[in-house]
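S.K.: In case you want the letters, here they are:
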Amino acid sequence: MENKDLNSPGYEIPDDMQGVVSITTMDRIYNWGRRSSVWPLMFGLACCAIEMICTAASRYDFSRFGMEVMRPSPRQADMMLVSGTVTKKMAPTIVRLYNQMPEPKYVVAMGACASGGGPFKEGYNVVSGVDKLIPVDVYVPGCPPTPQALINGLIKLQELIDTQSIKQVRWYQKGELAAVPIPILGPDLIYQRDIPAIHDAGKEA
Amino acid sequence: MATPIEAPTLDFSSRFPEGVVADERKGFEGYIVDADKLIEFATALRDEFGYDYLSSVTGVDYVAEEMLEVVYHAYKTIGGAGLVYKVQVARDKAEVPSLYDVFPGADFQEREAWDLMGIKFTGHPDLRRILLWEGFDGHPLRKDWQEAYYEADVKPFKSRWPEGNFYRSEEKVDYKANVKYPGNFDPEKWVPEGEDALYGSLAKYEDTDTSGLKTDHITVNLGPQHPSTHGVFRIAATLDGETIMNMKPVMGYLHRNHEKIGERNTYLQNMPFTDRLDYLSSMSNNFGYALAVEKLMNIEVPERAEYIRVLMAELTRVQNHLFAIGMFLNDLGAFFTPSLYAIEERELVLDIFEMVSGSRMMCNYFRFGGLARDLPEGALTMIRGLAFERLPRKVDEMDRFLSDNEILRSRTVGQGYLSAEDAIRYSAAGPMLRASGVPYDIRRADPYSIYDRFDFNVAVRQNGDIFDRYIIRLDEIRESLRIIQQAVEQIPEGPIQTGKPQYQVRVPAGESYGRVEGPKGELGFYVVSDGKANPYRYHVRAPSFINLTAFGPMCQGLKIADVVAVLGSIDIVLGETDR
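Protein chains in written order, with the numbering used here: chain A, 1 to 205; chain B, 1001 to 1579.
None of these hints come from the bench; they were simulated from the model.
Check each hint, because a few of them may be wrong.
As the list claims (entries may be wrong) - With a cut-off of at most 25 Å between alpha-carbon atoms, the simulated DSS-like pairs for lysine-lysine come out as follows: (1) B:Lys1176 to A:Lys132; (2) B:Lys1155 to B:Lys1295; (3) B:Lys1026 to B:Lys1532; (4) B:Lys1172 to A:Lys203; (5) B:Lys1559 to B:Lys1248; (6) B:Lys1172 to A:Lys132; (7) B:Lys1180 to A:Lys132; (8) A:Lys203 to B:Lys1180; (9) B:Lys1143 to B:Lys1086; (10) B:Lys1120 to B:Lys1248; (11) B:Lys1158 to B:Lys1172; (12) B:Lys1180 to B:Lys1143; (13) B:Lys1532 to B:Lys1086; (14) A:Lys203 to B:Lys1176; (15) A:Lys203 to B:Lys1189.
This one's a predicted model, so the numbers in the text were calculated from it and none came from an experiment.
Can you build the whole structure from these sequences, using the hints too?
M.R.: Below you can see the structure in the form of structure tokens.
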């Protein structure tokens, strides 16, 4: 839905009521509440976590955006800031954390590693980007992104929240939301979707 | 440049008529010891020759010679040059006696060599994989082991240079991901090994308390996602009530294959990767790596560059310790307020880094034989302002607010004790070693660069508890500021690079071990060159990793809540712990 339609109710307020009454949409007020208190999961992976801490500290201070309440428990968090290299050994934990977060939830991939593997992509223990495991809403480039870049990414996330409609968001649809299957640590990382294919390949060999 | 202390030529022929010979390969040094003489040799070195500190243990895979070599670097804690000794074994039967009983500091390093190289250390009580997980296929640092995205042995890859017909690595592999499985692997029949090995080794402890009620012991995991573990670190502990009976650190959650990638890279390509080791102190990491390669290339560094290097390394120490103190107070429960003050000062140092190198954290500023660029205008004035005015005042302020705080004192004084003997035995380094009363600082004990010109004290504290490991960081900041103050006064004009800056350097065959006193401790780079454009072996002696060896023993008998305080006082960075 267009941002414009979502946020304008389409009613004119008579002149004598101006300043006393304001009419807005359900979506607008719902999104305004959510975008102003996005609580990140307190979860640092690598170098980017240091820049994330700097963004939380006094000079950059993302509490200006209502984001300073970092929650160590995924059950209380709205957003996962994947701040660093996702390794295979860490992959099951990340997916488990994501599954434990209640909806609505967002994922920000911070930095080159979380976005696509970054400088360590070729490594044998590195997952080529966190989007191989869980859906990502905002990618922030940089190695590491400066606090300014991260704040820009967080503002992008707020803009994304602004465009969501209560009628269409996935967490108000009928039926249960499927959990993301947790990858398994085998001889190498095993994505559950690949198991039939690996089985067939093993038979041929 | 400080004249390196000459290694004394030791004559082992009378003490060891057999089994110990000098390493006579060109560019190599030290001694080659027979595997069955190793323990006797190491014990004699420690007890008779004074080499009581085992700094580094690592392996090298000489695939052409069908040989694996374990390399040991030993030092004296009274200072001076080191001694290298090696054990050579056949690749298909790689078994070396473990030095665990002589130097418990070899514990994790031997486990790492087993994990990544497949060298079996007989007699090691707990030889499990450490960075990867049990069940991983193969030993990745062996030269014939190839990762899923393997393209060629060394860079630059043909697909990237000179034509640049690059592709996404995912497109060329099975399953479109960075994975590969053994040929006959069947995931449906396969049973994961899980963590039985870890819990099995945790169950090994002696229950000395037989009085009173018999209680069950429980196993608790902290991490890898935990606010007090400084990243993706995990602690598995067996508890009796709240008391720790046995504790094992579990790591590798940030193992990003630094060494394997480093052996594919060209020498200069590794420089930005070293930034990402201990990502709080990238300048120090650059320093260590540059020293190791410069030693191999045998080149000098111009005066001005040496001064800038020292300035940057000491500023790094200041900002690292500020961050460490802030995070340590976080762990004690003073949530984020001390950190805010510490980070505020750290930002000012980062401004200088950004000014000189273009990046706040990943500086990539050092080059072999010099620096990437000269100091920009105004940088020295800023450093001067920080070192003479602002930082001394702020450090005093932190000291005043924090050090006498009753809660901090009661949580830290006398807790997490590590004796001087144990600190040496466990190969602890840096502030951790010095807080236990061992005045060992590489800047003084084995001076590199121009550290012999500055007047500074080696910070030492005697009690070896958490409090001393906190207060010694304040001492070190003060000493670093003294060095910076002298360096900004003395810095000369001149070139900042020997010869022309090069992308590709010529490195003669041989080995070298470059070590610096990083903010976390002794940071060493072991580089073996075969004369080609890429290091044949590239190993990092990571202080955060080795300092953790003493972590388990230190925590035994403490309450679980104190474990985070002990960990905070060790000051680890996971990028370096796991590499």
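S.K.: Next, verify each hint and record whether it holds.
M.R.: Going down the list of hints, with the structure as the test:
Distance hint between Lys1176 (chain B) and Lys132 (chain A) is fulfilled; the C-alpha atoms sit about 10 Å from each other, no more than 25 Å. A distance of roughly 23 Å separates the Cα atoms of Lys1155 (chain B) and Lys1295 (chain B); the hinted pair therefore holds under the 25 Å criterion. Between Lys1026 (chain B) and Lys1532 (chain B) the CA atoms are separated by roughly 15 Å; this keeps the pair inside 25 Å, and the hint holds. At most 25 Å may separate the alpha-carbon atoms for a hinted pair to count; Lys1172 (chain B) and Lys203 (chain A) meet this at roughly 22 Å.
Simply put, Lys1559 (chain B) and Lys1248 (chain B) have alpha-carbon atoms about 15 Å apart, close enough for the 25 Å limit, and the pair holds. Simply put, Lys1172 (chain B) and Lys132 (chain A) have alpha-carbon atoms about 16 Å apart, close enough for the 25 Å limit, and the pair holds. Proximity of Lys1180 (chain B) to Lys132 (chain A) is assessed by CA-CA distance (about 16 Å); at most 25 Å being required, the pair is judged to hold. A hinted pair counts as satisfied when its Cα atoms are at most 25 Å apart, and Lys203 (chain A) with Lys1180 (chain B) qualifies at roughly 15 Å.
Under the criterion of a C-alpha separation no larger than 25 Å, the hint pairing Lys1143 (chain B) with Lys1086 (chain B) is consistent with the structure, at around 19 Å. With a C-alpha separation of about 20 Å, the suggested pairing of Lys1120 (chain B) with Lys1248 (chain B) holds against the 25 Å cut-off. A threshold of 25 Å between alpha carbons decides the hint, and for Lys1158 (chain B) with Lys1172 (chain B) the separation of about 15 Å falls inside it, so the pair holds. With a C-alpha separation of about 17 Å, the suggested pairing of Lys1180 (chain B) with Lys1143 (chain B) holds against the 25 Å cut-off.
Taking the CA atoms of Lys1532 (chain B) and Lys1086 (chain B), the gap is near 23 Å; set against the 25 Å cutoff, the hint holds. Annotation: proposed proximity of Lys203 (chain A) to Lys1176 (chain B) holds, straight-line Cα distance about 20 Å (limit 25 Å). Our distance criterion of 25 Å between C-alpha atoms is met by Lys203 (chain A) and Lys1189 (chain B), whose separation comes to about 12 Å.
The structure meets every hint from the earlier list without exception.
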